[in-house]
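Protein chains in written order, with this note's numbering: chain Z, 11 to 109; chain D, 12 to 414.
Treat the hints with caution; some may be incorrect.
Capping the alpha-carbon separation at 16 Å, the derived lysine to aspartate or glutamate pairs in EDC-like fashion look like this [to be verified]:
#1 Z:96 <-> D:365
#2 Z:40 <-> D:346
#3 Z:81 <-> D:86
#4 D:98 <-> Z:91
The following label-pair restraints were derived from C-beta to C-beta distances [unchecked claim]:
#5 Z:96 <-> D:110: 18 to 26 Å
#6 D:341 <-> Z:90: 46 to 54 Å
#7 Z:32 <-> D:138: 26 to 34 Å
Far from chain D by the CB rule (all over 10 Å, computed), these chain Z residues [stated by the list, open to error]:
#8 25
#9 38
#10 41
#11 51
#12 79
No lab work stands behind these hints, which were simulated from the structure alone.
Keep in mind the model is a prediction, meaning the values are calculated, not measured.
Every residue, glycine too, gets a C-beta built ideally from N, C-alpha and C.
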Amino acid sequence: VDLFGTDTGSAIELTYHLRALEGLREIFMKTVVVYDGEAPSVWRVFPAALYPEREAAELLGVSFAAHPNPKRLLTTDEVSEPLLRKSVAIRTPGEVAIP
Amino acid sequence: VTSPPRRIETAVGPVFAEGAMPPTVLPKGLRRVPKGIDELATEHLIVNMGPQHPSTHGVLHILLELDGEEVVAAEASLGYLHRGVEKLAETRRYHQVGTLLDRADYVSGIHSEAAFAMAVEQLATIEVPRKAHWIRSLMMEINRIASHMLWLGTFGLDVGAMAPFLYTMREREALLDILEEVTGARMMFNYVRPGGVLADLPAGIDAKVRTFLDTFDGYMDEYDTLLGGNEIFIERVKGVGVIDRSTALCFGMTGACLRAAGVDYDVRRAIPYAAYPELEFEVPLGSVGDCWDRYAVRMGELRQSARLIRQLVDGMPEGEHTAKVPKLLKPPVGEAYAAVESPRGELGIHLVSDGGATPYRMRLRSPAYFNLSVVDEALSGGLLADAVATLGSLDIVLGEIDR
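Go ahead and model the full structure; you've got the sequences and the hints to work with.
The following block contains the structure:
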């Protein structure tokens, strides 16, 4: 089970990757969420989505309704931008202002 | 997260007078239980384990809520090693991404490189020569033993056995020498490339691998004596940190942690890749899903890896080590997912291509990330000392979790 988001340029596309081990059936499901939009959390069905949802929320700027612990997972509160969006450019060390 | 100040834990946990503790904002999900009427009742204590704790294998930070010595709740706080590998990959050409992935899972770089190469090959429909498949499998198995050796040594350290670490490093050193001779690097290989591998095996490497294998079985028996037959070790791991079948499946655990719970799922067998369809090996299974099972499954895997390496060295085919791949790779628009069985579980790379020279989106499905997400379930209800053993048995690599 995995979940991740992609910035398609106009919205966030969430890809759910599910696999049943019996018979090894595998599906990829996609859903589109507008920027800063909200998707339902699937954690009750797939607790494995708890971390990826938090990650997608902070890195792509979407939110998941009824997530039990909607905290940031990987980045600190000082990071204000959704880093995985295409509009956020990677800065070289020289461009980053050192406080 | 505004964490409470660090405190030294005692056997029963200190009793705080009202107002003695500085006012802190407790992280969500963790609650402070008010002191009861009974003077002997202990207040729940929140302990920060890590990010500098030796048994967190890197920079993992775990918030533990303790009632005396018992863990009531646990929450992992990640991200201390977040470098944005997925974002960086969007700015690198397909041939360059391997260097990033080496640094994602720095203990078993070959596996993540291979997963990426396989995903690119799917996207660009590149036919990989048979020999490249075999070299990849050989390197992956050598890397698996090297990784498991590091785990075995540190797991021993976690539960208080100092000696095995020194022995496992001896084996790891021999394996890293072999890896260095083949790939040119000890940890950051960048050896598996889309289309094949960087270079053919150097002459005489098979003799070195065989020399290692000849001694390895004896070493494995040594570990069985040092750890598996050690009463203290058994006491520390048997029945500790039980993660049962349904919990493991719910949280998307893979690898030895899932097989220890009795689920027969190994990517090498379920979705065969590289040379594995042509090889013979068994998948060791556990039954209970405690630390002992995870230990036993990995020990079984080590023996199976040695068996695989022997087959791979003996049957190494002749031919090209790489397909002809253009210097500037521009796969057609599409998506691909490829997975390998890394030492920690199913390591998958999901690639989205927009037809350009760099990936549009790369998702690294990191096995340890999902294995770690079970931490609250696994640690709650156990003792603090057992938390260390359980965490050690999960075999986490923070580079891969934080990416």
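Quick rundown of the hints versus the structure:
Distance restraint check for residue 96 of chain Z and residue 365 of chain D: the Cα-Cα separation of roughly 13 Å lies within the 16 Å cut-off, and the hinted pair is therefore satisfied. With a CA separation close to 12 Å, the supplied pair residue 40 of chain Z and residue 346 of chain D stays within the 16 Å bound. The straight-line distance between the Cα atoms of residue 81 of chain Z and residue 86 of chain D is roughly 11 Å, inside the 16 Å bound, and the hint therefore holds. Proximity of residue 98 of chain D to residue 91 of chain Z is assessed by CA-CA distance (about 13 Å); at most 16 Å being required, the pair is judged to hold.
A hinted range of 18 to 26 Å holds for the C-beta pair residue 96 of chain Z and residue 110 of chain D, which are about 23 Å apart. Distance hint for residue 341 of chain D and residue 90 of chain Z: a CB-CB separation of about 34 Å, inconsistent with the stated range 46 to 54 Å. Roughly 32 Å separates the CB atoms of residue 32 of chain Z and residue 138 of chain D, a value that falls within the hinted 26 to 34 Å. Taking the minimum C-beta to C-beta distance to chain D, about 7 Å, the non-interface status of residue 25 of chain Z is violated against the 10 Å cut.
Under the 10 Å C-beta cut-off, the non-interface status given to residue 38 of chain Z relative to chain D is violated; the minimum distance is some 7 Å. Separation of residue 41 of chain Z from chain D is adequate, the least Cβ-Cβ distance of about 15 Å exceeding the 10 Å criterion. The beta carbon of residue 51 of chain Z is kept farther than 10 Å from every beta carbon of chain D, the shortest such distance being approximately 14 Å. In this structure residue 79 of chain Z is not separated from chain D by more than 10 Å, as the shortest Cβ-Cβ distance comes to only about 5 Å.
The earlier numbered hints that this structure contradicts are 6, 8, 9 and 12.
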